[in-house]
Amino acid sequence: MILDQNYETLPREELEQLQVERLQSTLYRVYRYVSFYKQSFDFNAVNIEKIKSIQDLAQLPFTTKEDLRKSYPYDMFAVPLRDILRIHSTSGTTGKPIIVGYTKNDLRHWTDCTARLLAAAGVTDHDVVQIAFPFNLFTGGFGFHQGAEQIGASVIPSSTSTAEKQIMIMRDFKTTVLICAPSYAVNIASTLEELQIHAESLNLRVGLFGAEPWSENLRAQLEAGLHIAALDNYGLTEVIGPGVAGECEHKQGMHVNEDHFIVEVIDPKTLDPLPLAQEGELVFTTITKEGFPLVRYRTGDISSLIEEPCACGRTLRRMHRVTGRTDDLIFIKGQKVFPSQIEEILLEVEGTAPHYRIILDRQEGNDTMEVQVEILESFPAFDELKNLERLRDTITRKIEVVLGVEAKVTLVEPRSLLRDSGAKARRVVDNRTL
Amino acid sequence: MLKIRNLEAGYGKLRVLKGISLHVSPGEIVIMIGANGAGKTTLLKTISGILKARAGSIHFEDQSISTVAMEEIVNRGCVLVPEGRQLFDTLSIKDNLTLGAYLLARRGKRREVKERLEEIYELFPVLHERQDQLAGTLSGGEQQMVAIGRALMAGPNLIMMDEPSMGLAPLLVEKIFTTIARLPELGKTVLLVEQNARASLDIADRGYVLETGQIVLSGTSQELLDNHDVQRAYLGKDYKRIEELS
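Taken in order, these protein sequences are the chains called A and B.
Residue numbers 1 to 434, in the working numbering, belong to the letters of the first sequence in order.
Residue numbers 1001 to 1246, in the working numbering, belong to the letters of the second sequence in order.
Don't read these hints as lab results, they were simulated from the structure.
Nothing here was measured: the structure is a model prediction, and the numbers come from that model.
Any given hint might turn out to be false.
With a Cα cut of at most 20 Å, we get these calculated PhoX-like pairs of lysine-lysine [as the list claims (entries may be wrong)]:
(1) B:Lys1094 x B:Lys1114
(2) B:Lys1018 x A:Lys52
(3) B:Lys1018 x A:Lys38
(4) A:Lys52 x B:Lys1003
(5) B:Lys1052 x B:Lys1003
(6) B:Lys1094 x A:Lys50
(7) B:Lys1003 x A:Lys50
(8) A:Lys336 x A:Lys398
Residues from chain A that keep clear of chain B, each with C-beta distances beyond 12 Å, as calculated [said to hold, decoys possible]:
(9) Glu14
(10) Pro80
(11) Leu107
(12) Ser159
(13) Ser190
(14) Glu200
(15) Ser304
(16) Gly351
(17) Arg397
Estimated spans, in silico, between C-beta atoms of each pair [what the hints assert, rightly or not]:
(18) B:Pro1184 x A:Gln39: 42 to 48 Å
(19) B:Ile1050 x A:Gln59: 30 to 36 Å
(20) B:Ser1025 x A:Lys52: 20 to 26 Å
(21) B:Gly1187 x A:Pro11: 19 to 25 Å
(22) B:Gly1012 x A:Asn136: 57 to 63 Å
(23) B:Glu1118 x A:Pro275: 44 to 50 Å
(24) A:Gln59 x B:Pro1125: 27 to 33 Å
(25) B:Arg1111 x A:Ala311: 50 to 56 Å
(26) B:Glu1185 x A:Glu16: 26 to 32 Å
(27) B:Ser1025 x A:Pro275: 55 to 61 Å
(28) B:Ser1025 x A:Asn203: 39 to 45 Å
(29) B:Glu1185 x A:Arg69: 51 to 57 Å
Positions of the beta carbon are idealized from the N, C-alpha and C atoms, including for glycine.
Extracted from the complex, chain A is given alone in its bound form:
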């Protein structure tokens, strides 16, 4: 169902008018209220009065993740803290997290955005929606929660717990809609199989999966395993959280909520804008946000857009699945981890060389991460088993504390990990089939 008949089906020309209006006022506000943007625009000699069309966006400088990190905690907020109703944050495992704030209107728009996704997936007030995203500083849980309540569905904030517990709730509470990360859904599906519970015996009919990249193969697997229609959605905390884009019943790409976000595709190397249908890095500009507006934010996500209209009647452009990253970000169990973070941890631990390899695998629906680390030849008494075990446990614990993910640490002989001389070392081996 199309929730917002007005905005989701605006003729492109009217949508562009709306985007230009909202873009211009966003630019005036960020220039006035966010010192980063004033400096950035002034430094790049950009006159925001010259931004007269969507194409003119290309004249503006980018905002990067690094810029946002430096703004910790509140420097990118465009309103005083007393106007902020909610604060969320990214995991921020490399150094400082990114803190985002929402005003009353931001929360309203965010709610509208996730409600649209849910309606597009066919969720109604008759549904029982189980949200198995964490309800904490991350945006996944609360973002969908608001939208589902707006639709009028019965919402179960089951958050993250064991797959068994999710299944118990699912069966007893007669859940019809499951919202979680695709890897978590795989976990639930395989646990169902273990428990010999037939998915048909449940009331599940729709799944909305996002927060990490997945694939058509996995869709088929989840649709069969959970006996549902599985739909993809896209969002990121910096931009708003879930609700940036989502699939409709046709499952042919995710409709971007373009009345709130302008999307561009750029070449990550030259930083030049690319034709929308060409694959490149996605760049978002928020045009309704008051608390934490972003101008040309580089997501690091690689994808492309579909300009042809969709059969569903929405005029909002669609984006393809995210096919990769411009950096080496790893998605594991809904968490984001950079290899550099592992490296940092290893550097802090005495006795290991900064040579490591991360091996990702999926066993019985569970993502696993193995970290192979070379020990230093100079490590005192490295042939003593007790010392080695202690070293291994220290690293394991540190990774868990700092990154929040469980890793199997394997110590390997010095110089045993292959190094391609000159070329970038292949630090990550992903054996998971998405």
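Once you have looked at the hints, place chain B on chain A.
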């Protein structure tokens, strides 16, 4: 219905509108809020053709009107109720109203003029009672009704009003706004410029905030009412100054 892109206008060396974009859809009441000197009146004057646009485009019902003469703009159905009423004090209410249908009368359509007059009297019964009274002897509120009535006599699709609440007692403001709120039922679209944000946001669908010639905010009336900047600057909500966290 009305679509404006990157409009610039001003007086002599003074740049008042610095590239503003806005739109008004059929049947909407849209309000432009702004302090004195923000450029609200300049905007309405530029749309009506009294002032020439220096840059940008104005489209009314999909046709460019930025170079069209002002009487032709009225003829196409876009009419202004100017600030301060601007009535002919020494003419009767009826004559003032009839003047609004000047273009119609010139074409000899007497009967239509009469019909429209009846419609206005229905909207403002008090004007019917006093139709022969001189406009200059009316109260501010009644004068405003005449001004709105006169604009409606031109049979506009879009009616633009420049601060209709100015100088009126609160009770009269309410009365005027109640009438404006009824205009969409009569097939009229309204663009309203106001300093009285509270009263106008109550009847408007959407609004824009104009500050020093730039639109800094837009949204539904509810969104604007909930925006703290709007509350502080235009709704007179008082905030204790607190030290901001830096």
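We went through each hint and held it up to the structure:
no., hint, result
1, B:Lys1094 x B:Lys1114, "holds (10 Å)"
2, B:Lys1018 x A:Lys52, "holds (11 Å)"
3, B:Lys1018 x A:Lys38, "holds (18 Å)"
4, A:Lys52 x B:Lys1003, "holds (14 Å)"
5, B:Lys1052 x B:Lys1003, "holds (16 Å)"
6, B:Lys1094 x A:Lys50, "violated (49 Å)"
7, B:Lys1003 x A:Lys50, "holds (19 Å)"
8, A:Lys336 x A:Lys398, "holds (16 Å)"
9, Glu14, "violated (7 Å)"
10, Pro80, "violated (5 Å)"
11, Leu107, "violated (10 Å)"
12, Ser159, "holds (29 Å)"
13, Ser190, "holds (45 Å)"
14, Glu200, "holds (44 Å)"
15, Ser304, "holds (29 Å)"
16, Gly351, "holds (42 Å)"
17, Arg397, "holds (34 Å)"
18, B:Pro1184 x A:Gln39: 42 to 48 Å, "holds (45 Å)"
19, B:Ile1050 x A:Gln59: 30 to 36 Å, "holds (34 Å)"
20, B:Ser1025 x A:Lys52: 20 to 26 Å, "holds (22 Å)"
21, B:Gly1187 x A:Pro11: 19 to 25 Å, "holds (22 Å)"
22, B:Gly1012 x A:Asn136: 57 to 63 Å, "holds (59 Å)"
23, B:Glu1118 x A:Pro275: 44 to 50 Å, "violated (59 Å)"
24, A:Gln59 x B:Pro1125: 27 to 33 Å, "violated (56 Å)"
25, B:Arg1111 x A:Ala311: 50 to 56 Å, "holds (51 Å)"
26, B:Glu1185 x A:Glu16: 26 to 32 Å, "holds (31 Å)"
27, B:Ser1025 x A:Pro275: 55 to 61 Å, "violated (31 Å)"
28, B:Ser1025 x A:Asn203: 39 to 45 Å, "holds (42 Å)"
29, B:Glu1185 x A:Arg69: 51 to 57 Å, "holds (54 Å)"
Of the numbered hints given earlier, the model fails hints 6, 9, 10, 11, 23, 24, 27; all others are met.
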